[in-house]
Amino acid sequence: MKMRVIVTLKPGVLDPQGEAVRHALGSLGFEGVNKVRQGKLIELDLAETDPARAEEQARAMCEKLLANTVIESYALEPLEG
Amino acid sequence: MKAAIITFPGSNCDRDLAVAFEQAGAKVVRVWHKDTVLPAGTDVVGLPGGFSYGDYLRCGAIAARSPIGTAIAAHAKAGGYVLGICNGFQVLLEMGLLPGALLRNAGLKFLCKPVTLNVATTDSAFTSGYAQGAQIRIPIAHHDGNFTADAETVARLQGEGRVAFTYAENPNGSDGDIAGILSENRRVLGMMPHPERAMEAAHGSADGRALFAGLIGAFVPG
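Going down the list, the protein sequences come from chains A and B. With the numbering used here applied, the first sequence covers 9 to 89. With the numbering used here applied, the second sequence covers 8 to 229.
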């Protein structure tokens with residue numbers, strides 16, 4: 009089954025890239041953007057078909073490689089199909 | 008003293024690091040990332056600067072999980088010396104051998120210039136060749152050198168004298184102006200500036216020599 013992994017900087021960790029994007033949006037005339045946080049989206053196509061086991065595998069992958077848990081948190085979303 | 012210099016795909020300071028160790032009197036062995044063991048008798052592992060694995064996922068993340076990584080971690084855990092410079096520092100953090108992480112520079116620019124560093128401790132083989140509080144000139148060349156850690160970790164590093172170098176003028180937003188840190192046993196050093204690029208007058212500074220000389224001095228009997 010397919011699993012979507014969303015990796016974002018933890019709250020409180022400065023995001024200079026997000027801040028640069030916010031400034032660029034402002035200069036394009038998009039007003040009222042209070043904050044921009046940038047992250048990563050990773051899609052996994054796993055051989056595992058059981059949702060619980062697939063999530064367990066994806067979680068282990070996040071802890072070991074996909075996220076740096078010193079500065080990043082992650083969320084998992086099972087995908088249809 | 009035997010130094011093992013690791014080359015990952017995308018390393019670009021590996022030869023400079025090898026030359027710096029050789030000039031300081033070490034026997035140097037070059038090691039490929041796919042090797043699974045370090046050469047017998049390795050005293051120091053050198054992790055060079057560069058863009059290992061193209062900086063994919065996060066700087067140093069893939070290199071930290073490469074085949075040679077397990078041997079490097081075992082070497083460090085057994086009390087062996089490890090020096091990680093620039094990308095090598097990023098690898099050490101990703102391996103968990105040092106605390107914290109390196110974010111994109113606060114100003115978002117790739118910075119490539121000589122900077123002034125304060126030697127924050129002389130209590131390590133790496134820094135024993137400097138005078139306490141000395142200011143040295145060493146170049147930086149990085150995009151992701153903004154050291155960050157939670158306040159408690161930064162306070163612990165400072166309190167335990169594990170901050171090896173600080174920037175005289177913070178170029179990248181690093182917490183506590185931190186440019187380099189030591190492990191608890193003071194035998195693993197990670198730093199963003201490049202001492203191997205400050206080895207002789209023609210480099211603009213020879214202030215990096217004392218780091219290699221000090222490290223090699225730790226292996227001189229008596």
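Bear in mind the hints are in silico, worked out from the structure with no lab data behind them. No experiment lies behind these values; they were computed from the predicted model shown. Here a beta-carbon is modelled for each residue, glycine too, at the ideal position from N, C-alpha and C. Any given hint might turn out to be false.
[Said to hold, decoys possible] Think about it this way: if two alpha-carbon atoms lie no more than 35 Å apart in a straight line, the pair counts; the simulated DSBU-like pairs of lysine-lysine are: (1) A/Lys-72 with B/Lys-9; (2) A/Lys-48 with B/Lys-9; (3) A/Lys-18 with A/Lys-48.
[To be verified] Ranges between beta-carbon positions, derived for each pair: (4) B/Ala-113 with A/Thr-77: 16 to 24 Å; (5) B/Leu-118 with A/Ala-32: 33 to 41 Å; (6) A/Val-44 with B/Ala-47: 47 to 55 Å; (7) A/Leu-54 with B/Trp-39: 45 to 53 Å; (8) B/Trp-39 with A/Gly-40: 29 to 37 Å; (9) B/Gly-103 with A/His-31: 32 to 40 Å.
[Stated by the list, open to error] Listed next, the stretches of chain B that the computed footprint assigns to chain A, with coverage defined by at least 3 CB atoms under 8 Å from CB atoms of chain A: (10) 49-61; (11) 112-120; (12) 148-158.
Hint by hint, here is what the structure shows:
Of the supplied pair hints, the one linking A/Lys-72 and B/Lys-9 holds, its CA atoms being roughly 31 Å apart against a limit of 35 Å. The suggested pairing of A/Lys-48 with B/Lys-9 is violated, with an alpha-carbon distance near 41 Å, which exceeds 35 Å. For the hint linking A/Lys-18 to A/Lys-48, the alpha-carbon distance of about 13 Å falls within 35 Å, and the restraint holds. Between B/Ala-113 and A/Thr-77 the CB atoms are about 22 Å apart, so this pair conforms to the stated range of 16 to 24 Å.
Our hint of 33 to 41 Å for B/Leu-118 and A/Ala-32 is violated, since their Cβ atoms are close to 21 Å apart. Hint check: A/Val-44 to B/Ala-47, Cβ distance near 52 Å, so the stated range 47 to 55 Å holds. Take A/Leu-54 and B/Trp-39: their Cβ atoms lie about 31 Å apart, and the range 45 to 53 Å is violated. About 53 Å separates the C-beta atoms of B/Trp-39 and A/Gly-40, a value inconsistent with the hinted range of 29 to 37 Å.
With their beta carbons about 34 Å apart, B/Gly-103 and A/His-31 fall inside the hinted range of 32 to 40 Å. With a threshold of 8 Å between beta carbons, the proposed coverage of the region 49-61 of chain B by chain A is violated, since 0 of its residues qualify and at least three are required. Interface restraint, the region 112-120 of chain B with chain A: holds (4 residues with C-beta to C-beta distance below 8 Å; minimum three). Residue count for the region 148-158 of chain B with a Cβ under 8 Å from a Cβ of chain A: 3. That meets the three needed, and the coverage hint holds.
In the structure shown, a violation is registered for the earlier hints numbered 2, 5, 7, 8 and 10, in ascending order.
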